[in-house]
Structures are given as C-alpha cells and as structure tokens.
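Engineer: Chains as they are written, first to last, in my numbering: chain A, 140 to 251; chain B, 2 to 289.
Worth flagging that the hints you see were computed from the coordinates, not collected in a lab. For each residue, glycine too, the CB sits at the ideal point set by N, CA and C. Fair warning: there could be bad hints in the mix.
Across the chosen pairs, the derived CB separations fall in these ranges [stated by the list, open to error]:
{"hint": "1", "chain 1": "B", "residue 1": "SER151", "chain 2": "A", "residue 2": "ARG159", "range": "29 to 39 Å"}
{"hint": "2", "chain 1": "A", "residue 1": "GLU183", "chain 2": "B", "residue 2": "ARG216", "range": "51 to 61 Å"}
{"hint": "3", "chain 1": "A", "residue 1": "ARG159", "chain 2": "B", "residue 2": "GLY25", "range": "42 to 52 Å"}
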Amino acid sequence: MAVRLNGREAVGLVPANNMRAVRAAITQWLRAYVAELIGVAEDEVDNEITFDRHGLDSSAAVAMSEDVAVWLGIDVDPAAAYDFPTIATFAEALANRSEVRAAMTAARSDEN
Amino acid sequence: MGGEGAADRIGTSASAIEHHYDVGNEFFALWLDPSRTYSCALWYGDEELHAAQLNKLDWHLRHSRAAGARHVLDVGCGWGSALQRAVESYGATHAVGLTLSRAQAAWIEQASLPGVEARVENWADHVPIAPYDAIISIGAFEHFARLDQSVEQKVAVYRAFFQFCRRVAPRGHLSLQSITYESADRAQFSPFFARHVFPESDLPRLSEIVQAAERLFEIVLIRNDREQYARTARHWLAQLRRRRADAVKLVGEEVVGRYEKYLALLVIGFHTGTMGLVRMALRPVPSR
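Starting from the given sequences, assemble the full structure and let the hints guide the process.
Structural biologist: So this is what it looks like as structure tokens:
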C-alpha cells in the first residue's frame, strides 16, 4: 500500500475524543509506514521494538517524523522518534497531544 | 590570499568550504538570526535566538579578554558578527576575521564597519600586522582536519593551530567553540553530512583538543552545550520552513530539502549525544 502522506487524512478519522481510538489510529499508520519502508507485511511489524532495530537510520527517522507531522497537521520534533523510540511509545506520545486529538476527532468538511 | 598548496595541506579546502557557505548570503539570511551567526547559541533563559546568539558572542569575547584590546583575531569569522561585536561593544580597536568563503568576506567588506577587516585566508597562511591580544574561533575547528587523515595527523593539525595562536598572540587568551564527536566516532560520520554538508571535514574529540593544547594553553573553562545546539537547529529549521517559498525561489527545491534534512539531523545528533558542542576558554601556559 502507498504511504498515506497528503493532506489531512487524519482529520475526522476518529468519531469521538477517545484517547484509545486516537492512539490506535496512529499506531496503525506507523505500522503501515514502517512496513512499507522496510518491505515487510504489516502484521510482521512489532510495536515494541525500536525504530533503530527496524532498520530506520536517522535520515529515515527524520522523514518519518515529517510525514507523520504532515498527516496529523502538526509540528513534530525531528528527534521525537528518539525520545519515543518504538511504534507503541511514539503513538502514545502523539496521542497525548491535545491538538492531535482535536484534529483527529474534528468534523470532516470534505466528507464523501 | 594564501597559496592553494597550504590550503590543501591544512584542513578543508576553500572549494569545499564554498560548497557549503556560498549557496548565497541571501539564503542564510532567510533562516539565521539578524546577526547571521551560524553556530550554536547560548541561552540563559527563554531569550529569542538573536539574543542567545549575542550571549554566545559575549561569552567568547569575555573569555578571550577582547575588551579594550587593540587587535582581535576571529578564526572562521562567518558573516562577521563577532568582529562587529568586538569593535562596537567591547571597544576593540581592530578586529580581523579569517574565512575561506569569498561570499562571507565580501559581505563583511560591504558593511565597511570601522576597525573590522575580513580576509579570505587559511589560518596557516595568516601573517598578522601586529600581535593579537585575543583570539576567538567559533565553529571553525570542525574544518581543520579531514576524514582521510589519521588521528595522529589530526591532533598534529590541531597542535599546529594552537602553536599558531601562541605565535600571533604571545599573551593572548583564546576562546574556542566546536562540534565534537561524543557517542559517535569518525567511522560513523554520516555519508550525507560528508558528501553534502561538510565535504573534507572531520570533527575533533574533546580529548584530541586537550591533547593538542598541552603545554601551549591551559584550559580555564569548558562547557558542553549540545542541547543548546539542538535548540539552535530547531530555531533554524522552523525559520527555514516559515520562509520556505522564498528559499526555494533563491536556491531551488533540492537545496532547500537538503538543508531541511541537515538541520533535522543536527537536532537528532545533538539531542541524542552522537555529537557534542564544546565551548572552551584557554590561556597561554608560561614558557619554562
């Protein structure tokens, strides 16, 4: 599958301000992203091992932070994937941000 | 300007420096602070980047004892912010800056500040008109050695620099700032950095600087401010993104993308401690 980059696809992805659902959606996005990057099936991606062990170098970590920032419509620090070095902890950290929850639960204006 | 031979022997060549710095003065002006200081700033609180850059210049000018000096030397003077500060705020009579970038020297000459002089010259080729009273060098040490040199050759070049400082400033104090290897070493030097950002450059380890200065200078003070470099790079990256459209017009999408990636990698390197940022005040050791 294509890495979902463009626009605000995260907007309105989650029906209510539900922390667990927000975290799950971000986790899903990160799993798909890492799977495509390293060329494995999504269900082979382990949420608990570090991005480094997945084979992401610093350039890949920069790109991932930028791509998830675009997807969520927020700023993400270039070093975030080092402070939160697994899919599980990165998703948790992002879901903890109120602007992320606000964006993901906002009403979609481009509903189709 | 010194001969090409010397430039080839000591550190990064002029052409490699120009690869990085001569992208254009206007491009750097878009995302650096108004003083165009292109090195790690120094925060004491929540100052703006510009104020933190002036803090950094003040730290070095204070520790090199530039106040009231007749002649101050800045090795790797960039766009001249320390030269200007030395003359305007510290009462230095004459501030000489060395750079390998013609664009930087042209910029400084164009500002025609009284007492400020920029020379396109390697320190190894520099012949002063009078002894210096103070020397600063901020973000130039990174260019003194190359990856293809052995560690012994590297330390020898650093030692030659300290000997040069003693020769041109027999009683002068010296204030240095440099990126260093911390948890990373030269074998892990990012190919992206080596190819696109700082060709023909290598970083010192703190121990190599200390070893090279032995019996020439004694170290008065050391700070490791790597988190402050991460903070500086975050400011630069945010500002480059704010001015992205203008930057693309000036230098094109590819160059802007490369700088965005480079600044993000700086944040990671300094935040995670693969690289350090050392500031160091030194004074000459009396001869035996």
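Engineer: Quick check: does the Cβ-Cβ distance between ARG159(A) and GLY25(B) fall within 42 to 52 Å?
Structural biologist: holds (50 Å)
Engineer: For the hint 29 to 39 Å, verify it against the beta carbon of SER151(B) and that of ARG159(A).
Structural biologist: Hint violated: Cβ distance 56 Å, outside 29 to 39 Å.
Engineer: Between the beta carbons of GLU183(A) and ARG216(B), is the distance compatible with 51 to 61 Å?
Structural biologist: For ARG216(B) against GLU183(A), whose Cβ atoms are near 59 Å apart, the range 51 to 61 Å holds.
In summary, the structure is inconsistent with hint 1 from the numbered list given earlier, while agreeing with all the others.
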